[in-house]
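These protein sequence lines map, in sequence, to chains F and W.
So the first sequence is numbered by the working numbering: it starts at 6 and just counts up by one.
So the second sequence is numbered by the working numbering: it starts at 25 and just counts up by one.
These aren't lab readings, by the way, just hints derived from the structure by calculation.
For every residue, glycine included, the Cβ atom is placed at its ideal position computed from N, Cα and C.
Certain hints may be false.
Calculated from the model, a selection of chain W residues having no Cβ within reach of chain F, i.e. all distances over 10 angstroms [stated by the list, open to error]:
| # | residue |
| --- | --- |
| 1 | Ala53 |
| 2 | Pro219 |
| 3 | Lys458 |
| 4 | Leu517 |
| 5 | Thr535 |
| 6 | Thr675 |
| 7 | Val752 |
Short, incomplete list of chain W residues facing chain F, as computed with Cβ under 8 angstroms [to be verified]:
| # | residue |
| --- | --- |
| 8 | Pro129 |
| 9 | Val657 |
| 10 | Val776 |
Given next are the chains, with one letter for each unit.
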Amino acid sequence: MKSLILRTTTRPIIVVLLLISVFLLLRGHDLPGGGFIGGLVAAAAAALYAIAFGAGAAAKLLRVRPESLVGWGMAMTVVAGLLGMVVGREFLTGLWWVIAVGDQELKLSTPLLFDVGVYLVVVGVILRFVLSLEER
Amino acid sequence: MLTALLVAFGAALAAPWMTVRLGRPAGWALALLPAGLTAYFLSLGPTIAAGEPLVQRVSWVPQLGVELAFRVDGLSLLFGLLIAGIGTFVTIYAGGYLAGDRQLPRFYLLLFAFMAAMLGVVTSDDLIVLFVFWELTSITSFFLIGYKHETEESRVNALQGLFVTAGGGLAMLAGFVLLGSMAGTYRISELLAAPGVLIEHPAYPLALALVALGAFTKSAQWPFHFWLPNAMAAPTPVSSYLHSATMVKAGVYLLARLAPGLGGTPEWFWLLTLVGGATVLAATGLTLLQRDSKRLLAYSTIVALGTMVLLIGVGTDAAIKAMVVFLFAHALYKAPLFMAAGSVDHEAGTRDVTQLRGLGRSMPWTWLAAGLAGISAAGLPPMLGFIGKELAYEGLMGTPWLLAGLIVAGAVLLLVAVMVAWVPFAGRSVQAPKAPHEAPPSMLVGPLALAALGLTFGMAPGLVQNGLMRPAAAAVLGAPYAFDLYLWHGLTLALGLSLLTVSLGVGLAATWRRWQPALVARFAGVRFGPVAVYEGAWRRLLRFAELQTRFVQPDDLRHQLTTIVAFTVALTGGVALWRGGLDGMVWAPSGAYLHEFLYLAVILLATATVVRSHSRLVVITSLGVVGFGVAFVFVLFAAPDLAITQFLVDTLVVIIAALVLIRLPSSALRAEGGRDTRWLSGAVAIAGGALITGLLLAVTGLPLDRSLTSFFEANSYPVARGRNIVNVILVDFRAVDTLAEVVVLAVAAGGVGALMRRRLAGRDARGGRREPEGGRR
């Protein structure tokens, strides 16, 4: 859609949307949000870009193919599960590492890795839909 | 043992890469794997022969009492050696036979995976683990039989083999579960240690029938024999491996393995001897109709398998001794015969034995191998096959009716040997579709080595008697059994019967040219027996599937939705009414606020627009509004995660649907459907809505069980370190569900990707233009 208004507003909006999506992803464990919701927001941002600038431009901006996102996401969810088994617990057992950064705590965990995987899968799947509809 | 299996499966994964890297000599190099496995089994030999089986257990699914238990005793050792040993030569042979084939890397992957699965079958000490490997052999052999997947014949026959063997495998699984619950254990060695428990159990006949069904389908017993000759559509190395030494022997293995626990009853005796006997007779008759060397060998394989099954059924010491020796001899002669037939096909251009003559001059080494194996197959001295046949006759002295059948079958086996190993090679004048020449070394090593082994063990049976034959027989009998093997038995009744067999066989072979064409003409085009049943059932299944698809899933999406909703309403609502209606519905609109009715009004208004509009764009957008209205309700009732998700999903659905609609011709933007369809859809929709409303009211009327909720509330932060219970459930408590959903999403994306690629490819093929990406409009 060669709408100047749409194109001009899209750029800043996308930045905000992507930031929000990561924000939602990371805070998901304690407050509303999470990988699924964050992924949907990111996918909406990409869809907006695809509508404004065309699928080709969106694909170029993305650099990787949506299928790769899906693959990496699935790999992350599975690895998150297997890490539990590596230390001799059940598949998908949550493991936590709390690292002190200054006076703040950085909480890394396998559920977080799992959630990032979900995020990537959701983004990849919806982008696959949108991009294949937009390209000819 | 587990390590050996893992190495074999790992090698299967590495095989394609190695085949590509090594090029032409890949077959020789890859043969190192099965050769190594053979050496491994040989190294186990002395301990096992001393009566100490190799036992290994690794916990797998402790909740179900399933463990990766392995136990290598004499029977396993015999099968393991055959699988790995013949596998070595098949690997080398395939390198020559399929040289230059584009799909050779895939072939080795499948072959090694099959070999590993087969080794798993014969070494498992757990019924469930055995079943897993068993089905794995069905699946890998499906791919191997269908190797030439460009031809329809291959595909049809591969499917047939899969349906018969995997179908029998399912029956077998049911039998295994029965056995497991009867004995209270899935460990095979424990099952067999207490035979009385199984035999006296009321469910014994059923369990026996189910397990036997699995073995019979796998081992191509009548009436399931038909898949085996059809599986000859596979390339020759596959036929020679799967259908002489391994795949079909799995059924025999299973029966032999379970004989100490399930055998010795009248049911066992009659089931196995009757089915085995019927198999021998049917296959003997069908062999007479064949001219294709591979099909001749395939039917003679069925005769041999029937013989083994009925020997297991008889179950006396002598019968089991005969079974073990015969099995060993059969593997050693059938593989080289198949390979030689394949070499002839490869170098001379046909497998029709009536079109081949005098190949011996140009293919002397192939002839030597085929000849030696043929003598063994015919049951003549000084080969191991002779000892096997003599022992079989002796083992059946107590059941003359089986003995008589076996003598006829023996004569026909001799006929097959003559047809495959003598007729195409003998004679001075050469007759063949293309100028024959000797096969390359890779295709000679296997047949020659295996045939030579048959000769060596025939001349000196003492070499395998103590180390291999005795432990194997002991494992089947469940008790040590000392016997000696001799080539020369003295002037016994069995020798006399052998003479009778030979003269019958020679008579058949000498007159073959006279009666065979007439016999073939008589049965030309006749489809009868189990094949006809299978094909009829197959046709009917396809017709039913088509009918049902047309009814439930027609092209029209609206029709599909109507069917789904109508059936849900009819079934769920029907059951609810039948059970006395949805009593306990509670209608208590307590404390509703004005703004709540506002959201309700928005939803209703949007719904009305959806129903009344004639533009699809308006419909899609209005549906989005309905979704937003529902999301606001979630906000009202404090479900933020649900609300956010609903908002986002509805937004994306509208975007994607709009993108689809923009692609379509403008006529498609009008919502179709005449008055009648609208009324029908409306009625179904209202009924669906009413049902859900009623169900929800009924459910909310029930006392709320908060045990799950309070569990999550209590454990979410202390155990899973998250305050957002919804997210903690998604990524931690019920992460397996999420994992499965992620997979579903990925599959959906793959499907969409494939469909769109197809559409694009189709458009390109039609010469349509493909605009540069982006920059549209």
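| query | Can we keep the W/Pro129 interface hint, with Cβ of chain F closer than 8 angstroms? | reply | Given a least distance of 23 angstroms, the restraint on W/Pro129 is violated.
| request: Compute the least Cβ-Cβ separation between W/Thr675 and chain F, then decide whether it is above 10 angstroms. | output: Violated, since 6 angstroms does not exceed 10 angstroms.
| Would W/Lys458 pass as off the interface with chain F, using Cβ distances and a cut of 10 angstroms? | holds (48 angstroms)
| Does the claim that W/Val752 lies outside the interface with chain F hold up, using a Cβ gap greater than 10 angstroms? | W/Val752 not clear of chain F: closest Cβ-Cβ about 7 angstroms, inside 10 angstroms.
| message | Quick check on the hint: W/Val776 CB to chain F CB, less than 8 angstroms? | response | holds (6 angstroms)
| Checking the smallest CB distance to chain F, is W/Thr535 really beyond 10 angstroms? | holds (66 angstroms)
| said: Is the claim that W/Leu517 lies outside the interface with chain F correct, judged by CB distances over 10 angstroms? | reply: holds (63 angstroms)
| Are all C-beta atoms of chain F more than 10 angstroms from that of W/Ala53? | holds (32 angstroms)
| said: According to the definition I'm using, a residue is off the interface if its beta carbon is farther than 10 angstroms from all beta carbons of the partner; does W/Pro219 meet that for chain F? | reply: Holds, since 38 angstroms exceeds 10 angstroms.
| request: Report holds or violated for the interface hint on W/Val657, using the least CB-CB distance to chain F and a cut-off of 8 angstroms. | output: At about 16 angstroms, which exceeds the 8 angstroms cut-off, the nearest Cβ of chain F leaves the hint on W/Val657 violated.
In this structure, the hints that do not hold are numbers 6, 7, 8 and 9, in rising order.
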